[in-house]
Amino acid sequence: MEYNGSAVVAMVGKNCVAIATDKRLGQRALTVDMGFEKVAPVTDNIYIGLAGLATDVMTLHDRFRMRVNLYKHREERTIEPKTFSNMVSHMLYERRFGPYFVEPVIAGLEKNGQPFICSMDLIGCINYADDFVVAGTAADNLFGMCESLWEPDLGPEELFETVSQAMLNAVDRDSMSGWGAVVHILTPEGVITRELKGRMD
Amino acid sequence: MTTLKPGEVNLGTTIMAVKFDGGVVIAADSRTSTGTYVANRVTDKLTKVEELIYCCRSGSAADTQAVADIVKYHLDLYTSQHGEMPTVKVAASLFQEICYQNKNNLSAWIIVAGWDKQTGGDVFEIPIGGSLHRPEFAIAGSGSSYISGFCDKSYRPGMSKEECVEFAKNAVGLAITRDGSSGGVIRLAVITKDGVERQVVYGNELPAQYTG
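Protein sequences, first through last, are from chains E and F. Using this note's numbering, you'd call the opening residue of the first sequence number 686 and step up by one each time. Using this note's numbering, you'd call the opening residue of the second sequence number 9 and step up by one each time.
Some hints here could point you the wrong way.
For the chain F half of the interface with chain E, some residues (derived, Cβ under 8 Å), not all of them [as the list claims (entries may be wrong)]:
| id | residue |
| --- | --- |
| 1 | Ser-150 |
| 2 | Phe-158 |
| 3 | Arg-186 |
| 4 | Ser-189 |
| 5 | Gly-192 |
| 6 | Gly-220 |
In short, the hints are calculated from the structure, not lab data. Note that the structure is a prediction, hence the values are computed from the model and not measured. No residue lacks a Cβ here, since even glycine has one placed at the ideal position from N, Cα and C.
Full structure from sequences and hints, please.
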């Protein structure tokens, strides 16, 4: 899980959610790519970030896309965040004895506008939270930053500042993550995506 | 990478020293890591062992600190007994003796550089195992493998002090970007007969680089 390095965090705000990841792709100590996408949109209202082994991150993003498209064809509607998280959990547990080495973090807005976040371990145990969830090699650092910086009912702009500071300062203390970061803020009006300029070390 | 004991603090690093006419320029990053955690992000890896002789430390933080302390003690005694400053060669030789005789218990890759009356600027390198080398410029640490090509291409004999400083900043900066075990700020020191000028280069002051 530490081979490629990653940092993922999601936070709940007032009628909005944020999800942020770093951009490093490493091979142990060597940095190979500084623009590796770890978070992908699942629907307009759900984003999933995957920390862990990069090859599994890439494969799972493709598998989720296929399953969500199939769901849409069968159900004739887009999938909701809680349902999607259960689908991810099921897909991971299917591989209980030969798992994907990833830790998913899901952020979304329910149909009624209610914010939703959750994280999972590599075999699909879901952790629902009403404040924040973290994953990756910088998880411990992110826990510390979020615990001190987060407060309830932050608006989209305040949430952006909070999640950005949590991410930037957490990855500065982790040699396996960093090299830039990307933040997505999901609001009922749409998604605001911003790139963070951070230390490239 | 290196053979550290579990939990031992690692100076996975980029360090270098370049000789010029009149002295040496030494440079290092500032990251100390325990596993993936960055234990110190503003470390000083340029350690004084005599007024005009410094060592650049990489490998195990504990081992290199211990060795440098012992060499400092011996050089202090040398100065008292001889009434004059030791040469850089003497300092390097002391480092070599300790590193070679204790090779099974140490994890240290050290660069010794400074100024003395006999030779002017001088650079020595002592890799793992305890051999002694005297190149025109030396690079060491886990980050050095990423800049070997850059250094071989950029170095020219007879560079001025300012050119050596730019060379060091560029090289260490490139290694910091690619090596996960190197990071933080770049600490530089210019050692001449007039003394030691230290400087710090922060991340936003680095020479321009492609970062994707």
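Fill in: Interface hint compliance - Arg-186 (chain F) to chain E, C-beta minimum distance less than 8 Å
holds (5 Å)
Worksheet item: Does Ser-150 (chain F) pass the interface hint, meaning its C-beta sits closer than 8 Å to a C-beta of chain E?
Response: holds (6 Å)
Item to complete: Mind checking the CB of Gly-220 (chain F) against every CB in chain E and telling me if the closest is under 8 Å?
Response: Nearest chain E Cβ about 4 Å off; hint holds.
Practice prompt. With a cut-off of 8 Å on the beta carbons, see whether Phe-158 (chain F) makes it to chain E.
Written response: violated (15 Å)
Discussion item. Holds or violated: the hint that Ser-189 (chain F) contacts chain E, with Cβ atoms closer than 8 Å.
Written reply: This interface hint holds because 5 Å falls under the 8 Å limit.
Item to complete: Verify the interface restraint on Gly-192 (chain F): the C-beta must sit less than 8 Å from at least one C-beta of chain E.
Response: holds (6 Å)
Going down the numbered hints, you'll see the structure goes against just number 2.
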